[in-house]
Amino acid sequence: MNETKVEPSETTKTSNRSAEALDRLLTFAAVIILFIIFSIVAPYFFTVRNVLDLALQTCTITMMGIGVTFCIITGGIDLSIGSVVALTGTIAVIVAIRGVPIWLSIIIGVLVGVVTGSINGLMVTRLKLPPFIATLGMMMVARGVALTITNANSYSAPQGFSGLGNDTLFGTGRQFPGIPYPVIIMIVVALVFGFLLSRTRLGRYIYATGSNEEAARLSGININQIKVTVYIICGMLSGLVGVILASRMVSSQPNSAVGYELNAIAAAIIGGTSFMGGVGTILGTVIGSFIIGILTVGLTMAGANYFMQQIVIGLVVIGSVTLDQVRTRR
Amino acid sequence: MAVKNPSSAREVILEVENVSKSFPGVKALDRVSFDLRKGEVHALVGENGAGKSTLMKILSGVYQPDEGTIRYKGKAVSFRDVNDSHKAGVGIIYQELNLLPHLSVAANIFIGREPLTKYGTLDEKKMNADAAEILNRLNIRLDPTIILQRLPVSKQQMVEIAKALSLNSEVLIMDEPTSALSEAEIDELFSIIHALRDHGVAIIYISHRLEELRHIVDRISIFRDGHSVSTDDFTAIRPYEIVSRMVGRKIEAVFPPKQNVPTKEKLLEVRNIVRAGILHDISFDLYRGEILGFAGLMGAGRSELGRAIFGADPIDSGDVIMGDRKLSLNSPADTIKAGIAYLSEDRKAQGLAVKMRLTENVTMANVQKISKRFGVISRDQEMEATQRYVKDLNIKTPSLTQIVNNLSGGNQQKAVVAKWLFKDSKILIFDEPTRGIDVGTKYAIYELIGRLAREGKGIIMISSDLPEIVGLTDRMLVLHEGSLAATLTTAKTTPEEILRYAAGVTKSIQGDARMSDQKPTQARKQP
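Chains as they are written, first to last, in the numbering used here: chain A, 1 to 330; chain B, 1001 to 1527.
Here chain A stands alone, though its shape is the one from the complex (with noise of 0.2 Å):
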């Protein structure tokens, strides 16, 4: 990456790309440890389908992770992607059951959530609201909407409507049962997303702004543009997670993905965003998300309870990020 003719501090150099890179390792290691553990204490963990199996259940809170991974390096933050989950695949539905393709409603439903994430985007830069508060009513509103239209009934979705959410590619028959489209879908959205992060303008004045708002402004970036751009991103991808669902489940759920934003924005802590704005990378989210989603598989197969399971994830939470201040302290 970096093939410069000056021949700088030699040990501020190699300290500085060794302490990343072990950082790196850590996350990494963390996951492959948990791997490891579970695989001894369940001995069904560490199989083909339960690997896909994990892999299927946590590409929600994956993608979602990944869109408002995005908010919190600007220094924001969006509460109401969970509601957005539920009204963009209750919306896909009702237009499909309406006589609408099912392509189409599909791409309906990811718009919904652009709009919503542009309502959003509009709110903290042209209102000026603080981004909790116009995504803590955003989060009321989208909820209240789902439940509205459906008099808070599910609908059955019509024939076709599943095979996004239940269909696989590459199976061949017994011995592997295929990839899931959604787990297909998170690999690219991960992958597209975490290239706009890390190799694009776009990315790095999504950092810019984040790391000192004032400093991009003076540098000539357009800061309220970023920071529409970056709701707009949250609520798309919670569009496209919200169709995923209602695709899973054959069916509109108002009532679904209740506290699922919380979840996500504990993913991209763990894996390492900063609440301060500046810092995070999408591999950290998909890392954070795996974390809780083989703490969850592994600690049911072990026997422990839902309970359990949460008193565990917020230890993760708080351990994680007490290590972070540890680690940037020293």
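Since the hints were derived computationally from the structure, they do not count as laboratory data. You may find that some hints are simply not true.
If you want the footprint, here are the derived chain B segments under chain A, 3+ residues with CB under 8 Å [claimed, not checked]:
1. 1082-1090
2. 1118-1124
3. 1260-1266
Values in this document were obtained by computation on a predicted structure and should not be read as measured data. Backbone N, C-alpha and C fix where the C-beta goes; we use that ideal spot for every residue, glycine too.
Chain B: place on chain A using the hints.
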């Protein structure tokens, strides 16, 4: 204004003509004119609030002027934003670092105009190589891939300079570029500035440090109260002329007659206060009934010294002694108990709970005094105490239970004073007590401060308003870059002398400034 300059044949690149800019309540610039030539270093000096920074922000497109014209390369221009001025070739290095701490050095240099690959992605390789080249050209030894916040502040400043230069600026504005640099780094910076000048770059150099100007400056313009006072060749003007033009205004008689007479009774002994990089070995005494001023230019460490004595900021070494007891300076708890009060510059943020009632604010620091058993607050006693101060300090309020936010600035200031008097404070440190207060109310505050001193309090008055220090204090400490430059008896000094010490130009003009700070008390006039 009339410029007699041998190098006046040089081409004028930037011309400011009768530019004015107002903000609510202040006229920051009043028909200012100024010109900049190719290949010159043009110093811009003036006291705080003279309008330097406002002009710089106009030149870089952050603000737009209310009236007047700016001509750049002979054409009238108006920069709408920073991008505009960047594109035209006007670079600016801000006083406060304006960098992105989480990004690499190269990313900081190229922010807003990153090189792209043919696929439209960031070309990190080219960016790092280009950054390395720029740093090399400036003789700055830095790895462009290092994350900025891992660098010391001085290196970050170098990055800021590299960033401005990478824009291929023809005009470069530097606002106090040396404030965070060490001697060696300043030399480095100066050689960079020399090289740039030789390449025809026009540089506007803003500084409070008059002594460093002679190394680099060709011409100097002096600003005062939003006006441009003069422009001269640097060699044609004497340091004391600069200072006296900076001060300019004569001191109006807006101060009440002196009420207090300092005693010889020591209230406070401050010994060898050190806070690395900020305060350098400062010692002084404060006497009962005395008003002691802290004077100095912005960034000299006035407020920092006040806060250090109060225990609000951590210090590295030094003692504050009251009576025969050394105070613990880890937090304000001990100093408050001992009777020191700090009335901060930002009343709303630090001095008052603005959304609470006057009564609650007055008693806030000493609730025990009005508490009955089990910590239950006696409303009657609270009202009684507040009533006393409202009368005593002449606080204008419709009721004792008025929300403090609704009081005027002057009355808020009095409320803070009441709070500390209720706490039985013996020493009151006023940090910019009249900032943002109208002239009439100022008088009342001055009167109050004088009366407190007469009643036997020890007063420390921190102010950037020189007339205020001169008009009110008995003695003053003049700080320069965190060191005690002089301890002066107010009656025996002049604003010019104070400013000379404050600007650090004393050595070249008269004697050794250190003489007076070794025997601070002897300079005092005996009552």
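Do the hints match the structure? See the list:
Only residues whose C-beta sits within less than 8 Å of a C-beta in chain A count toward coverage, and the region 1082-1090 of chain B has 3 of them, enough to reach three; the restraint holds. Taking a C-beta to C-beta cut-off of 8 Å, the region 1118-1124 of chain B contributes 4 residues in contact with chain A, enough for the three needed, and the coverage statement holds. Counting residues of the region 1260-1266 of chain B whose C-beta sits closer than 8 Å to any C-beta of chain A gives 0, which falls short of three, so the coverage hint is violated.
Violated hint for the displayed structure: number 3, the only one.
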